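S.K.: All chains, full assembly: derive it from the sequences and hints.
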Amino acid sequence: MSCPAASPPRPGKSVAAARRVRYHHRFQMIPDVLHLGPIPIHIFGIFLALAFLAASAAASREFARKGYDPALGSSAVVWAAVGGIVGARLWLVLDAWPEFVRAPADFLWNGGGFVFYGGLVGGALAVTIFFRRAGIPWLRGADVAAPAIALGQAIGRLGCQLAGDGDWGKETTLPWGMAYPYAVVGWDKPAGVVVHPTPLYESAAYFAVFFFLWRMRRVTAPEGTVFWWYLLLASTARFLVEFVRVNAPVALGLTEAQLTSLVLLGIGGWQLLAQRRWHAAEA
1 MSCPAASPPR
11 PGKSVAAARR
21 VRYHHRFQMI
31 PDVLHLGPIP
41 IHIFGIFLAL
51 AFLAASAAAS
61 REFARKGYDP
71 ALGSSAVVWA
81 AVGGIVGARL
91 WLVLDAWPEF
101 VRAPADFLWN
111 GGGFVFYGGL
121 VGGALAVTIF
131 FRRAGIPWLR
141 GADVAAPAIA
151 LGQAIGRLGC
161 QLAGDGDWGK
171 ETTLPWGMAY
181 PYAVVGWDKP
191 AGVVVHPTPL
201 YESAAYFAVF
211 FFLWRMRRVT
221 APEGTVFWWY
231 LLLASTARFL
241 VEFVRVNAPV
251 ALGLTEAQLT
261 SLVLLGIGGW
271 QLLAQRRWHA
281 AEA
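This note's numbering applies: residue 1 is where the sequence shown begins, and numbers increase by one.
If you are wondering where the hints come from, they were derived from the structure by calculation, not from laboratory data.
Please read all numbers here as calculations on a predicted model, not as lab measurements.
Certain hints may be false.
[Said to hold, decoys possible] So the derived label-pair ranges between C-beta atoms look like this: (1) V250 <-> K189: 16 to 26 Å; (2) P222 <-> A251: 26 to 36 Å; (3) L94 <-> V246: 18 to 28 Å; (4) L252 <-> R65: 38 to 48 Å; (5) D69 <-> W187: 39 to 49 Å; (6) P181 <-> W138: 44 to 54 Å; (7) Q275 <-> L240: 18 to 28 Å; (8) V246 <-> L273: 26 to 36 Å.
[Claimed, not checked] Below, simulated DMTMM-like cross-link-like pairs (lysine to aspartate or glutamate); rule was C-alpha separation at most 20 Å, straight line: (9) K170 <-> E256; (10) K66 <-> E223; (11) K189 <-> E171; (12) K170 <-> D188.
The beta carbon of each residue, even a glycine, is placed where N, CA and C say it ideally should be.
M.R.: Put into structure tokens, the structure is as follows:
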């Protein structure tokens, strides 16, 4: 991918600055892939669809391994998709109410702006209803869902990267820093300035979480173990990445996402410790 060339570094600029400019020169976001008449097809939407398809394949395979109809995987993902999208948008509206009031239509249909934790809550509520209707114990279903969620997150973050939907990081001089001049939410930094590509950091972390959970799912363990590990690992990854993102602190020097991550990783860690103590007492 390429973008308009940045001006060459002036004499006296540091090697790091020159490297920044060269790297900025190589990348360009792809907010829209094509238009169907007046309707734009956003790259984020395409990757969101790919994320749901991959999650569906992973969940279907795991349902089949556990003796269920593999078609339940696709059904669960549809429920999760609807609940997740609604939850993500509602969380975003509540989090940025003034911007929503000024331009509600643009705010809702700009091709970006999904909040993961809102999607997690909305998706979890929808899938809980689905599990009850299908007669699947919640923790068993959560173990099936955990690797699928991690895989979907990893692919979805690649869509965030290509769309430039505003979740990039702070300015950096690291050689892999990137610019987002065609970001769907706008880019106001001068030429040559690059930032942490935090969507790529998160994508790499979630792929690692997925592979860990995918291997672990065959280990004999109490129901819920895979899901608790997901909460612990995915929340830890988000907590750490937030240190180089641009989100403002809201309390204790931490961002809203970090505070939410602490709660979730605390739940996951506490449940794993409780399981270990229970097994030790049974031994």
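S.K.: Work down the list of hints and note, for each, if the structure agrees.
M.R.: Here is what the structure says about each hint:
{"no.": "1", "hint": "V250 <-> K189: 16 to 26 Å", "verdict": "holds (24 Å)"}
{"no.": "2", "hint": "P222 <-> A251: 26 to 36 Å", "verdict": "holds (34 Å)"}
{"no.": "3", "hint": "L94 <-> V246: 18 to 28 Å", "verdict": "holds (20 Å)"}
{"no.": "4", "hint": "L252 <-> R65: 38 to 48 Å", "verdict": "holds (42 Å)"}
{"no.": "5", "hint": "D69 <-> W187: 39 to 49 Å", "verdict": "holds (47 Å)"}
{"no.": "6", "hint": "P181 <-> W138: 44 to 54 Å", "verdict": "holds (45 Å)"}
{"no.": "7", "hint": "Q275 <-> L240: 18 to 28 Å", "verdict": "holds (25 Å)"}
{"no.": "8", "hint": "V246 <-> L273: 26 to 36 Å", "verdict": "holds (34 Å)"}
{"no.": "9", "hint": "K170 <-> E256", "verdict": "holds (17 Å)"}
{"no.": "10", "hint": "K66 <-> E223", "verdict": "holds (12 Å)"}
{"no.": "11", "hint": "K189 <-> E171", "verdict": "holds (10 Å)"}
{"no.": "12", "hint": "K170 <-> D188", "verdict": "holds (13 Å)"}
Of the hints listed earlier, there is not a single one the structure fails to meet.
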